[in-house]
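J.: Read off the chains here:
Number of protein chains: 2
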Amino acid sequence: MKRQLGPSTAFFPIPAALIVSKDGDKVNVLTVSWIGIVSETPPMVGISLRRDRYSLELIRKTKEFTVNIPSANLYRETDYCGLVSGRNRDKLRDLNFTMLESRKISTPIIKECPYNMECVVKQEILLGEWVLILAEIVETHLDEDKINPSNRANIEISKVVNPLVYCAEVREYWSLGEKLGNGFSSGKEIIQRAGKK
Amino acid sequence: MKRQLGPSTAFFPIPAALIVSKDGDKVNVLTVSWIGIVSETPPMVGISLRRDRYSLELIRKTKEFTVNIPSANLYRETDYCGLVSGRNRDKLRDLNFTMLESRKISTPIIKECPYNMECVVKQEILLGEWVLILAEIVETHLDEDKINPSNRANIEISKVVNPLVYCAEVREYWSLGEKLGNGFSSGKEIIQRAGKK
Chain A
1 MKRQLGPSTA FFPIPAALIV SKDGDKVNVL TVSWIGIVSE TPPMVGISLR RDRYSLELIR
61 KTKEFTVNIP SANLYRETDY CGLVSGRNRD KLRDLNFTML ESRKISTPII KECPYNMECV
121 VKQEILLGEW VLILAEIVET HLDEDKINPS NRANIEISKV VNPLVYCAEV REYWSLGEKL
181 GNGFSSGKEI IQRAGKK
Chain B
1 MKRQLGPSTA FFPIPAALIV SKDGDKVNVL TVSWIGIVSE TPPMVGISLR RDRYSLELIR
61 KTKEFTVNIP SANLYRETDY CGLVSGRNRD KLRDLNFTML ESRKISTPII KECPYNMECV
121 VKQEILLGEW VLILAEIVET HLDEDKINPS NRANIEISKV VNPLVYCAEV REYWSLGEKL
181 GNGFSSGKEI IQRAGKK
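Sequences listed follow chains A and B, in order.
Numbers 1 to 197, taken from our numbering, label the letters of the first sequence in order.
Numbers 1 to 197, taken from our numbering, label the letters of the second sequence in order.
Accuracy of the hints is not assured; some may be wrong.
To be verified - Here are the in silico distance ranges between beta carbons for each label pair:
1) 178/A to 98/B: 21 to 31 Å
2) 99/A to 103/B: 17 to 27 Å
3) 73/A to 63/B: 37 to 47 Å
4) 178/B to 83/A: 20 to 30 Å
5) 62/A to 25/B: 20 to 30 Å
6) 52/A to 88/B: 44 to 54 Å
7) 1/B to 181/A: 23 to 33 Å
8) 25/B to 101/A: 49 to 59 Å
9) 103/B to 41/A: 33 to 43 Å
10) 106/B to 147/A: 25 to 35 Å
11) 98/B to 144/A: 45 to 55 Å
Said to hold, decoys possible - With a Cα cut of at most 30 Å, we get these calculated DSS-like pairs of lysine-lysine:
12) 146/A to 159/B
13) 111/A to 179/B
14) 122/B to 63/A
15) 159/A to 104/A
No lab work stands behind these hints, which were simulated from the structure alone.
Since we're looking at a predicted model, the values are computed, not measured.
Backbone N, C-alpha and C fix where the C-beta goes; we use that ideal spot for every residue, glycine too.
Can you build the whole structure from these sequences, using the hints too?
T.: Dropping the structure here:
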């Protein structure tokens with residue numbers, strides 16, 4: 001019924017986010033899939049980087065970075081930023097990305113990514129060959145045309161943003177399919193059914 | 001062009017994983033979206049739990065838990081496990097889940113979830129009202145019928161597993177749509193194009 005695959009980092013679905021770091025005039029973009037929210041008080045994000053990553057050097061100097069969520073159509077650019085090192089190559093020269101100024105930090109955001117987060121590093125945890133960076137989210141940005149007039153999220157904002165989905169280990173990029181239901185709501189059917197037992 | 005939304009935990013796409021914890025005969029299932037891989041040496045996963053979570057009590061006692069990735073069709077059960085606390089209610093009585101024995105730890109996995117990870121807690125980091133738990137992945141399981149005869153991943157294993165996708169803050173459950181490309185491959189087009197410049 002179940003096949004054992006041994007210890008593995010296979011995990012899905014996960015994001016494929018673009019991390020921008022900056023040192024002086026040098027700006028780099030790295031693709032990171034090992035990223036997620038770790039606290040709400042204050043809002044914090046965690047990203048894991050291999051110790052030898054060029055972006056880690058830049059982030060350690062400035063203690064800041066931005067997280068940029070690409071839409072599904074940017075899957076080639078996203079993959080490219082994970083394949084090439086900024087140590088050897090100026091990735092921005094190869095990409096049609098526009099850098100916009102951040103509000104709270106000096107590292108820019110990527111205009112072409114519909115959702116962006118400005119982050120300030122708070123803590124670093126060594127885990128073997130990897131470094132887990134915990135950072136406070138000090139500002140977020142969403143494309144103006146993806147917010148409805150009442151300033152509330154569109155009903156299907158995920159489809160409007162159309163975030164790229166990655167599946168680690170099997171190495172597959174996917175788009176979103178159909179909306180199945182709402183969080184903190186779809187499960188109420190089961191509560192009601194259970195109540196009648 | 002960009003609207004600022006302030007510090008926020010909005011993030012997409014992310015998993016909606018089911019965490020099983022156990023204390024004696026008591027087994028609990030909790031939905032967690034703040035979860036991700038944090039190291040490869042050894043394979044480690046990080047999950048963030050609110051300090052008052054019942055599952056945190058159980059995990060602190062046993063130092064172990066399992067991560068179970070639900071397919072898209074389980075979105076109601078997944079939402080239910082985040083709505084209800086195991087402190088007041090035996091969730092397994094309300095769900096049609098089958099518990100299977102793990103191989104390396106004593107906490108079971110959920111048969112109905114196609115992919116499962118056995119985890120042993122290594123470290124705990126307090127982040128405001130949240131606790132980030134870092135755990136080693138000591139075993140993983142995939143449904144036998146989702147592995148092809150050569151024991152290699154199917155070409156579109158993500159579609160076969162059909163993992164549920166969650167988009168935090170906007171609180172939306174989604175299925176996967178179409179496969180766009182392969183990781184460590186799709187970006188090579190950009191490298192080739194850049195080489196010709």
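J.: Take the hints in turn and mark each one as holding or not.
T.: Results for each hint:
{"no.": "1", "hint": "178/A to 98/B: 21 to 31 Å", "verdict": "holds, 27 Å"}
{"no.": "2", "hint": "99/A to 103/B: 17 to 27 Å", "verdict": "violated, 49 Å"}
{"no.": "3", "hint": "73/A to 63/B: 37 to 47 Å", "verdict": "holds, 44 Å"}
{"no.": "4", "hint": "178/B to 83/A: 20 to 30 Å", "verdict": "holds, 22 Å"}
{"no.": "5", "hint": "62/A to 25/B: 20 to 30 Å", "verdict": "violated, 52 Å"}
{"no.": "6", "hint": "52/A to 88/B: 44 to 54 Å", "verdict": "holds, 48 Å"}
{"no.": "7", "hint": "1/B to 181/A: 23 to 33 Å", "verdict": "holds, 32 Å"}
{"no.": "8", "hint": "25/B to 101/A: 49 to 59 Å", "verdict": "holds, 58 Å"}
{"no.": "9", "hint": "103/B to 41/A: 33 to 43 Å", "verdict": "holds, 37 Å"}
{"no.": "10", "hint": "106/B to 147/A: 25 to 35 Å", "verdict": "violated, 48 Å"}
{"no.": "11", "hint": "98/B to 144/A: 45 to 55 Å", "verdict": "holds, 48 Å"}
{"no.": "12", "hint": "146/A to 159/B", "verdict": "holds, 28 Å"}
{"no.": "13", "hint": "111/A to 179/B", "verdict": "holds, 25 Å"}
{"no.": "14", "hint": "122/B to 63/A", "verdict": "holds, 26 Å"}
{"no.": "15", "hint": "159/A to 104/A", "verdict": "holds, 28 Å"}
Taken one by one, the earlier hints fail for this structure at numbers 2, 5 and 10, listed in ascending order.
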